[in-house]
Amino acid sequence: MFIVIAMMFGGIAFGYLMRRHRFTHIGRVTIFFIWILLFVLGVEVGGNPNIIKSLHTLGVEAIFIAGMSILGSAIAAMLLWKNVKKNEEKSKDNER
Amino acid sequence: MKGSLVIIGFFILGIICGVTDIIPAEVLEGNISLYTLCALMFCVGVSIGNDPDSISSFRQLPRRLTLLPIATILGTWAALVVVNLLLDFRTTQQCYAVGSGFGYYSLSSIFITEYMGAELGTLALLTNIARELLTLLAAPLLVKYFGPLSLISAGGATTMDTVLPSVIRYSGKQYAILSIYQGFVVDFSVPFMVTFFCTI
Chain A
0 MFIVIAMMFG
10 GIAFGYLMRR
20 HRFTHIGRVT
30 IFFIWILLFV
40 LGVEVGGNPN
50 IIKSLHTLGV
60 EAIFIAGMSI
70 LGSAIAAMLL
80 WKNVKKNEEK
90 SKDNER
Chain B
0 MKGSLVIIGF
10 FILGIICGVT
20 DIIPAEVLEG
30 NISLYTLCAL
40 MFCVGVSIGN
50 DPDSISSFRQ
60 LPRRLTLLPI
70 ATILGTWAAL
80 VVVNLLLDFR
90 TTQQCYAVGS
100 GFGYYSLSSI
110 FITEYMGAEL
120 GTLALLTNIA
130 RELLTLLAAP
140 LLVKYFGPLS
150 LISAGGATTM
160 DTVLPSVIRY
170 SGKQYAILSI
180 YQGFVVDFSV
190 PFMVTFFCTI
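So the sequences go chain by chain: A and B. Residue numbers for the first sequence follow numbering that gives the first Met the number 0, so the first one is 0 and each next one is one higher. Residue numbers for the second sequence follow numbering that gives the first Met the number 0, so the first one is 0 and each next one is one higher.
There's no promise every hint is true.
Said to hold, decoys possible - Derived Cβ-Cβ restraints for the label pairs, each shown as a range: (1) B:31 <-> A:89: 56 to 64 angstroms; (2) A:62 <-> B:92: 20 to 28 angstroms; (3) A:17 <-> B:160: 20 to 28 angstroms; (4) A:13 <-> B:61: 32 to 40 angstroms; (5) B:169 <-> A:51: 36 to 44 angstroms; (6) A:20 <-> B:73: 34 to 42 angstroms; (7) A:28 <-> B:21: 41 to 49 angstroms; (8) A:2 <-> B:20: 25 to 33 angstroms; (9) B:116 <-> A:93: 53 to 61 angstroms; (10) A:87 <-> B:30: 20 to 28 angstroms; (11) B:144 <-> A:51: 35 to 43 angstroms.
Unchecked claim - Computed cross-link-like contacts, SDA-like style, restricted to lysine to any residue with a CA-CA straight-line distance of at most 20 angstroms: (12) B:143 <-> A:80; (13) B:172 <-> B:188; (14) A:81 <-> A:91; (15) B:172 <-> A:77; (16) A:84 <-> B:173.
These are computed hints drawn from the structure, not numbers from a lab. Here a beta-carbon is modelled for each residue, glycine too, at the ideal position from N, C-alpha and C.
Sequences and hints are given; from them, build the entire structure.
Here's what the structure looks like:
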């Protein structure tokens, strides 16, 4: 499965070597592949009665995991913000 | 926002095709999704490598603020400890794989489907869509109670596109570059983190 990540690095190298040529449509091609993959995931989910039955509990679980993740990240960002502020004040004091 | 709805539309269309057996699941047993995933990752790589500004424009950021993506990742992982304790029917590995999508639902759900099956892939899709939508909804509250950086952190990988307009509106215009930088770094890290938690 690491081939997938190797493909990304291959793409980076290719994009960098070809940087004189702008690939303006790459975003649309990317979205097209995402559509295919999400469609395929949907077919797989739809064909599996067990997942269909548990779709609403999965939804509740999803909101819980997402909400907690947002809260955790927000608190970590607040700590960094306070640290940056304190540091700015300190360097202002030093200038005086 | 419109783009996300179209993507969800394709997922729902797939579900309808699967439930009604228009496309039998056997058709998908080959490696279609793996090949498509490889092609997708190649395109993601090309778009990074082909943009000369993507790396150089981040050099002007204040040095301490470049730690923001690390704060985002560590904050989410800390919260997942609690999630893991409360959802005792999920393994630690599953919680971390799903949570480490950071809102990048298309890629993380596809990866997790490949490694852990369709049920967890669906949970990853729903969780990471929920992260994007909840961030957009809670944007003013996050900025009010947790400061301007928290909105960028909450958005995870989505702050370079869908959440960027909210960051400019609620955190301020001066945070736009930081927001793009954070989205870029987290976006780039998601495939590694998800692969890591799926394969350990």
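Now the hints, each set against the structure:
At roughly 57 angstroms, the beta carbons of residue 31 of chain B and residue 89 of chain A sit within the given window of 56 to 64 angstroms. The hint said 20 to 28 angstroms for the Cβ distance between residue 62 of chain A and residue 92 of chain B, and at roughly 21 angstroms that hint holds. Checked against the given bound of 20 to 28 angstroms, the beta carbons of residue 17 of chain A and residue 160 of chain B, roughly 24 angstroms apart, stay inside it. Hint check: residue 13 of chain A to residue 61 of chain B, Cβ distance near 33 angstroms, so the stated range 32 to 40 angstroms holds.
Taking 36 to 44 angstroms as the suggested C-beta distance range, the pair residue 169 of chain B and residue 51 of chain A conforms, at roughly 38 angstroms. At roughly 39 angstroms, the beta-carbon separation of residue 20 of chain A and residue 73 of chain B lies within the given 34 to 42 angstroms, and the hint holds. Checked against the hint of 41 to 49 angstroms, the pair residue 28 of chain A and residue 21 of chain B fails, with Cβ atoms roughly 26 angstroms apart. A hinted range of 25 to 33 angstroms holds for the C-beta pair residue 2 of chain A and residue 20 of chain B, which are about 32 angstroms apart.
Between residue 116 of chain B and residue 93 of chain A the beta carbon distance is about 57 angstroms. The supplied range of 53 to 61 angstroms therefore holds. Under the hint 20 to 28 angstroms, the C-beta atoms of residue 87 of chain A and residue 30 of chain B, about 53 angstroms apart, miss the expected range. As the Cβ distance of residue 144 of chain B to residue 51 of chain A is approximately 38 angstroms, the hint placing it in 35 to 43 angstroms holds. Our distance criterion of 20 angstroms between C-alpha atoms is met by residue 143 of chain B and residue 80 of chain A, whose separation comes to about 13 angstroms.
With a C-alpha separation of about 25 angstroms, the suggested pairing of residue 172 of chain B with residue 188 of chain B is violated against the 20 angstroms cut-off. Between residue 81 of chain A and residue 91 of chain A the alpha-carbon distance is near 15 angstroms, which keeps this suggested pair within the 20 angstroms criterion. Distance hint between residue 172 of chain B and residue 77 of chain A is fulfilled; the C-alpha atoms sit about 19 angstroms from each other, no more than 20 angstroms. The straight-line distance between the Cα atoms of residue 84 of chain A and residue 173 of chain B is roughly 15 angstroms, inside the 20 angstroms bound, and the hint therefore holds.
Figure legend: structure checked against the earlier numbered hints; hints not met, in rising order: 7, 10 and 13.
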